[in-house]
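K.L.:
Residue numbers (this note's numbering), protein chains in the order written: chain A, 1 to 386; chain B, 1 to 386; chain C, 1 to 386; chain D, 1 to 386.
Just to be clear, a hint being listed does not mean it is correct.
A pair counts as met if it fits within one copy or between any two copies, since identical chains are not told apart.
[Said to hold, decoys possible] Cut-off 25 Å, straight-line C-alpha distance, at most; resulting in silico cross-link-like pairs (DSS-like, lysine-lysine):
hint	residue 1	residue 2
1	Lys51	Lys348
2	Lys302	Lys265
3	Lys3	Lys49
4	Lys144	Lys302
5	Lys49	Lys348
6	Lys185	Lys368
If you're looking for bench data, these hints aren't it; they were derived computationally from the structure. In this text the structure is predicted, and so the values were computed from the model without any measurement.
There are 4 protein chains.
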Amino acid sequence: MTKPLNVGVIGCGFMGRTHSNALLRVNNFFDLEYQPVLKAICALEEESKLKAFASQWGYESYETDWHRLIERDDIDQIEICTPNNTHKEIVIAAAKAGKNIICEKPLALSAAEAEEMCVAVEEAGVPNLVSFNYRRVPAISLAKQLVDEGRVGKPFHYRATYLQDWTISTDVPQGGNTLWRLDAKVAGSGVTGDLLAHSIDTAEWLNGPIRSVVAKTETFVKQRMHAETGKVEPVRIDDACMFLAVFENGSMGTFESSRYARGRKNYNTFELNGEAGSLFFDLEDPQYLDYFQYSNPSTGDKVEDHLTGWKRIHVTNFEHQYMDRYWVPGCTIGYEHTFINGLADFLKGLETGVPAQPDFRSGLRTQKVCDAILESARIGQWVEIA
Amino acid sequence: MTKPLNVGVIGCGFMGRTHSNALLRVNNFFDLEYQPVLKAICALEEESKLKAFASQWGYESYETDWHRLIERDDIDQIEICTPNNTHKEIVIAAAKAGKNIICEKPLALSAAEAEEMCVAVEEAGVPNLVSFNYRRVPAISLAKQLVDEGRVGKPFHYRATYLQDWTISTDVPQGGNTLWRLDAKVAGSGVTGDLLAHSIDTAEWLNGPIRSVVAKTETFVKQRMHAETGKVEPVRIDDACMFLAVFENGSMGTFESSRYARGRKNYNTFELNGEAGSLFFDLEDPQYLDYFQYSNPSTGDKVEDHLTGWKRIHVTNFEHQYMDRYWVPGCTIGYEHTFINGLADFLKGLETGVPAQPDFRSGLRTQKVCDAILESARIGQWVEIA
Amino acid sequence: MTKPLNVGVIGCGFMGRTHSNALLRVNNFFDLEYQPVLKAICALEEESKLKAFASQWGYESYETDWHRLIERDDIDQIEICTPNNTHKEIVIAAAKAGKNIICEKPLALSAAEAEEMCVAVEEAGVPNLVSFNYRRVPAISLAKQLVDEGRVGKPFHYRATYLQDWTISTDVPQGGNTLWRLDAKVAGSGVTGDLLAHSIDTAEWLNGPIRSVVAKTETFVKQRMHAETGKVEPVRIDDACMFLAVFENGSMGTFESSRYARGRKNYNTFELNGEAGSLFFDLEDPQYLDYFQYSNPSTGDKVEDHLTGWKRIHVTNFEHQYMDRYWVPGCTIGYEHTFINGLADFLKGLETGVPAQPDFRSGLRTQKVCDAILESARIGQWVEIA
Amino acid sequence: MTKPLNVGVIGCGFMGRTHSNALLRVNNFFDLEYQPVLKAICALEEESKLKAFASQWGYESYETDWHRLIERDDIDQIEICTPNNTHKEIVIAAAKAGKNIICEKPLALSAAEAEEMCVAVEEAGVPNLVSFNYRRVPAISLAKQLVDEGRVGKPFHYRATYLQDWTISTDVPQGGNTLWRLDAKVAGSGVTGDLLAHSIDTAEWLNGPIRSVVAKTETFVKQRMHAETGKVEPVRIDDACMFLAVFENGSMGTFESSRYARGRKNYNTFELNGEAGSLFFDLEDPQYLDYFQYSNPSTGDKVEDHLTGWKRIHVTNFEHQYMDRYWVPGCTIGYEHTFINGLADFLKGLETGVPAQPDFRSGLRTQKVCDAILESARIGQWVEIA
């Protein structure tokens with residue numbers, strides 16, 4: 001017998017859709033004590049659009065003011081899918097109201113904000129999750145498993161890119177509902193908070209904390225029309241950001257993100273090189289994890305010389321995490337399933353009392369690295385992570 | 001304002017799940033006049049399992065006898081997800097009852113059966129679709145578009161494989177709910193009806209009718225335990241089948257399917273070589289269509305010599321069919337979305353009166369090729385398609 | 001101390017160049033008792049071209065009549081790089097003269113011719129080799145090694161293609177020095193003798209003898225200008241050939257070759273699927289052998305489920321055959337090195353008395369399969385290999 | 001009629017072999033006025049080894065003292081294949097003696113040394129070349145051509161890696177004939193001079209000068225046995241080096257090199273992203289250049305949306321630079337051919353009076369970037385290129 005869990009989602013853009021979809025589908029695939037009920041959608045949109053969204057995704061009601069949503073007694077859980085500059089205020093209010101909270105990434109505009117948010121949820125004792133959905137790509141889960149099994153061994157190098165190409169045209173405006181990610185007031189930063197936050201979350205999950213960074217950012221298009229004002233305004237986000245890192249375990253890291261890498265659409269890659277083996281992943285080919293095995297961690301035996309090579313592990317079979325919940329071996333899942341998997345883990349955490357990760361404390365950690373990157377880019381110096 | 005469309009699904013195995021999922025989700029993504037209502041699930045399963053399935057997927061009711069389901073006045077549409085040997089009888093009854101029918105592939109055990117089924121739906125005038133879901137892989141839709149745009153030009157070669165490896169072990173039993181595909185009485189044939197039917201449907205869609213074939217089948221494991229009787233019985237299906245084909249347009253075809261191709265999980269590939277260009281697809285990398293452009297069909301201009309090469313088109317952007325219904329450019333979809341896309345096309349066909357394809361008449365065509373293949377394998381001669 | 005081995009090469013086209021290159025270079029890389037001396041080049045070319053060729057490759061002399069070359073006492077070894085229709089006569093004369101013979105493939109126009117040639121070299125007791133150079137691609141040597149180590153296990157499937165696209169244009173003439181491969185009188189057959197002969201040699205080397213075949217050939221361009229007569233003449237070669245095969249070990253084979261596969265330049269591929277593992281090779285990526293390991297042949301242990309995948313073995317390291325003779329690990333070699341490797345093996349065979357393979361008897365075997373293919377295509381029936 | 005060009009090679013290690021091979025073969029493939037004669041090999045090796053080398057590669061004589069070689073009147077050209085710390089002295093002496101000079105990379109231990117060497121060759125007016133052989137990989141030549149044709153357009157990003165894994169084991173000694181690259185006294189630096197020098201030469205050739213860098217180096221194995229002394233000594237080279245760069249054209253660069261990237265053997269890659277298109281190359285797959293075309297530079301037309309993708313250009317056809325000198329379309333060449341191509345260009349430069357590139361002045365430029373990298377790594381600050 002499942003227990004209903006009443007959910008209110010704030011934001012009906014791209015992320016509002018992915019969260020709605022996950023809420024609707026999680027019980028089709030996972031055996032869980034809780035069953036989300038799509039109680040209310042909330043956004044600042046015109047009422048007709050909000051109604052249409054509610055109808056399309058089957059919400060029972062809608063709200064145009066998030067304060068009102070949080071006040072409602074019939075809501076157990078808040079999911080925050082709004083622009084970055086709204087996260088803090090909503091989180092603090094929702095925590096005070098005792099709601100479970102799932103917040104889109106990046107958690108906040110700065111580590112200082114994120115720290116306040118951590119305090120709020122911890123004092124309130126409410127379950128909380130930052131939606132770094134890529135931890136739930138089966139191939140990335142497998143990477144974590146292989147690291148934990150000792151298959152990488154002593155690490156030497158970590159390199160990550162997150163490359164896109166959708167803002168090259170100077171005709172793309174900034175701001176508004178769809179392009180707030182280009183508006184520094186709303187987004188806080190450009191690719192650093194949007195894309196590198198993912199890369200950093202994955203990197204620290206797989207390879208431990210980053211100790212220090214040196215970074216360089218660039219804004220290639222210096223001004224763009226603002227979608228709301230219609231005026232040409234300076235662009236204040238980072239269009240691209242690259243940084244070097246030293247991890248606490250002594251390994252070296254290179255990171256790069258851009259929305260100006262022609263031909264790269266969602267090229268979120270990482271490679272980890274260690275004494276015992278290496279791993280490579282590319283989000284454009286999400287069904288694969290590439291693994292170079294040099295030696296067996298349990299026996300120490302080396303792979304026979306003439307058999308060494310990069311192995312492409314196609315993670316569509318049931319032996320990989322999450323896959324047995326879906327179809328049959330050999331059948332791919334897609335982008336949206338990372339949200340379903342993450343929600344399932346969060347709900348399972350509610351059942352077991354072992355909180356799903358990354359929680360806000362973990363999201364704060366990523367925020368600190370982002371802050372250090374932007375500070376390093378500003379001052380042109382190496383910066384230690386606080 | 002959407003109109004409810006009451007659906008009854010027969011079969012609660014793998015295909016029952018993919019159809020249920022499509023019915024639940026199609027209106028989240030597509031703007032359609034009709035909105036399916038999951039009225040009833042029907043299967044021969046024990047009642048407790050059937051109840052659990054109904055609960056998991058949100059069916060309003062369940063039935064244990066398909067005759068009863070078809071008799072119900074509150075059902076507009078029947079989706080047939082049962083083993084192949086049941087299709088004919090259900091289709092004929094459903095047609096008589098005036099239901100819309102979506103039937104899993106292969107349509108029937110033989111062309112003779114399929115012919116009867118065609119007559120039934122055509123006489124009854126009911127909308128009908130055979131669920132060759134791979135036509136709705138965006139990359140395969142793109143292949144069809146490129147062919148229609150003249151980008152392949154005069155065709156010379158078509159080659160297809162559909163390779164899996166899940167029945168190599170002699171410990172796999174035959175028969176029962178999950179392994180009826182190994183039981184010739186229930187499945188009719190082995191890889192020919194299960195896998196090559198897909199390859200043939202795609203091939204004829206892209207390259208026109210096959211004129212004649214010469215085939216060879218093999219049963220590598222000669223006997224297996226039957227899951228229902230517990231007795232070791234002869235295996236009568238084809239474990240593997242390969243055939244040569246001549247198309248009516250004069251091009252040459254090679255086809256091969258097996259469940260004994262170690263390391264190939266869902267390796268459904270095709271390549272089409274023509275004077276103006278070539279196409280390649282592999283279902284294990286479903287986000288890509290590979291295209292070799294030799295010349296431009298509208299101008300006749302050749303690609304500059306030093307720029308010729310195979311282009312990997314990543315079909316996750318909005319310019320590709322179906323993709324704009326989902327997330328944002330760069331985000332992959334998965335196996336299940338082929339069913340959602342197909343259902344959307346079927347429902348759109350109900351709206352517009354232009355029936356979605358492949359209908360039963362088209363499914364009959366595939367059946368005739370399958371019959372010719374099996375006949376050729378039996379007699380060791382070239383066989384013309386009837 | 002090396003012994004000089006005086007060589008005469010007949011033919012100064014593409015193959016004359018590859019053989020000359022191998023002769024010049026083999027002692028730079030291999031430690032051998034014999035050191036070839038480029039004694040004479042022989043061809044029917046105009047004397048000025050022949051002189052230029054001799055000068056470019058450092059031949060001591062040239063001959064315009066091969067009978068004269070064979071009569072020379074200062075020649076130990078004859079290498080035959082002339083069109084197929086000349087092989088038999090030259091071989092028989094060279095054998096009678098007691099020369100070592102390396103003959104380009106295909107050995108002859110027919111199995112009957114090849115049989116005569118075998119008898120000639122065997123009666124004369126002269127060392128002989130058919131130049132199926134691809135056996136000496138390091139990745140193909142590795143494939144053979146893995147098969148011999150039991151890593152494929154019981155074989156189920158073999159599939160091979162050899163695809164090119166250089167004769168699609170109707171403007172390509174037939175005949176003459178460069179395009180004799182399109183002239184049936186000179187070449188005997190089209191892709192069957194030229195390309196499939198390679199595929200068959202590799203297939204039988206790796207997977208044992210073929211028992212029976214059913215084939216279909218096609219000539220897409222029915223007539224072409226003859227380069228010598230300037231007249232449009234019917235094309236009598238096979239532009240494309242596909243066939244099904246059954247191997248004596250019970251596995252199934254598909255083979256296809258064409259010069260009309262737009263975008264495929266030298267796409268000589270094979271895949272072997274067995275119970276314990278699978279192998280894949282593509283000559284366009286000659287530095288790789290792809291290997292799917294399912295189980296370890298010595299222990300019978302299965303690879304851990306979550307680690308299964310296709311491994312891309314980059315064969316540029318010293319542990320692979322031939323590679324330690326060249327540069328350092330990681331450095332690729334090219335097409336021409338297959339000829340150097342083959343010549344080294346032949347010379348080593350002279351030293352040790354263990355003849356290098358494939359000898360003429362083995363070349364005859366390939367010829368028999370080719371004959372069966374062409375016969376099957378002619379009569380439209382399965383044909384057993386004699 | 002060719003003119004003999006008498007060459008003396010200094011160094012008989014790996015590079016001595018690649019140069020000898022190029023000298024022997026260049027006239028087999030290129031039509032040149034000059035024909036190198038392998039006059040003398042010179043090295044400090046034991047006489048027996050030197051004799052064997054001379055015999056294997058066909059040198060007329062050998063010398064054990066390079067001063068003696070340079071004094072010889074019968075030598076026109078010196079090729080320097082010795083460790084880095086010897087380059088300067090040999091170059092200056094050879095320049096004074098009026099010899100043509102080809103020097104292995106990196107040109108010197110420092111920019112200061114390289115500057116002296118430039119002055120020497122320029123004052124003497126002798127032809128000079130630094131052997132950055134990768135400019136002559138056909139795919140890299142093609143990259144240069146596409147850049148020059150405007151196909152990349154305004155550049156945004158350049159990223160390069162040069163990864164190997166051969167020094168991970170602590171058992172690898174430093175120093176001696178084969179491992180002098182690990183001995184800082186002899187090599188000057190580790191991966192910076194050995195591998196990044198290649199990456200920098202290619203980067204500046206394709207994307208113009210680097211303006212400033214910030215770098216981090218690491219020595220993972222702190223001490224190794226010295227091969228000559230047998231004693232464990234500190235390792236003073238950089239095992240790995242990563243740096244960020246800003247190019248003078250405003251684009252951003254990331255570079256990384258290591259000998260600790262498990263599974264990467266000769267992973268010399270670069271990617272250039274520009275407004276009109278992108279390029280990617282990987283030396284482990286040297287037969288390909290990957291090209292993403294967004295727009296046509298001559299017409300400004302965009303590629304049709306549904307056809308955009310990365311194109312894998314297989315550069316084995318005659319339309320690509322150098323390829324028409326070798327075999328037939330579709331046939332790969334290997335690592336060694338980059339040296340043959342480079343020597344051909346140098347000899348052609350002697351004919352035409354237009355010096356081949358990169359000359360010493362260009363090599364000095366790379367040295368300055370290397371110096372800036374090492375300085376940046378030492379002081380932990382951004383450094384401008386002098």
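K.L.:
Starting from the hint list further up, note which numbers the structure goes against and sort them upward.
P.N.:
none
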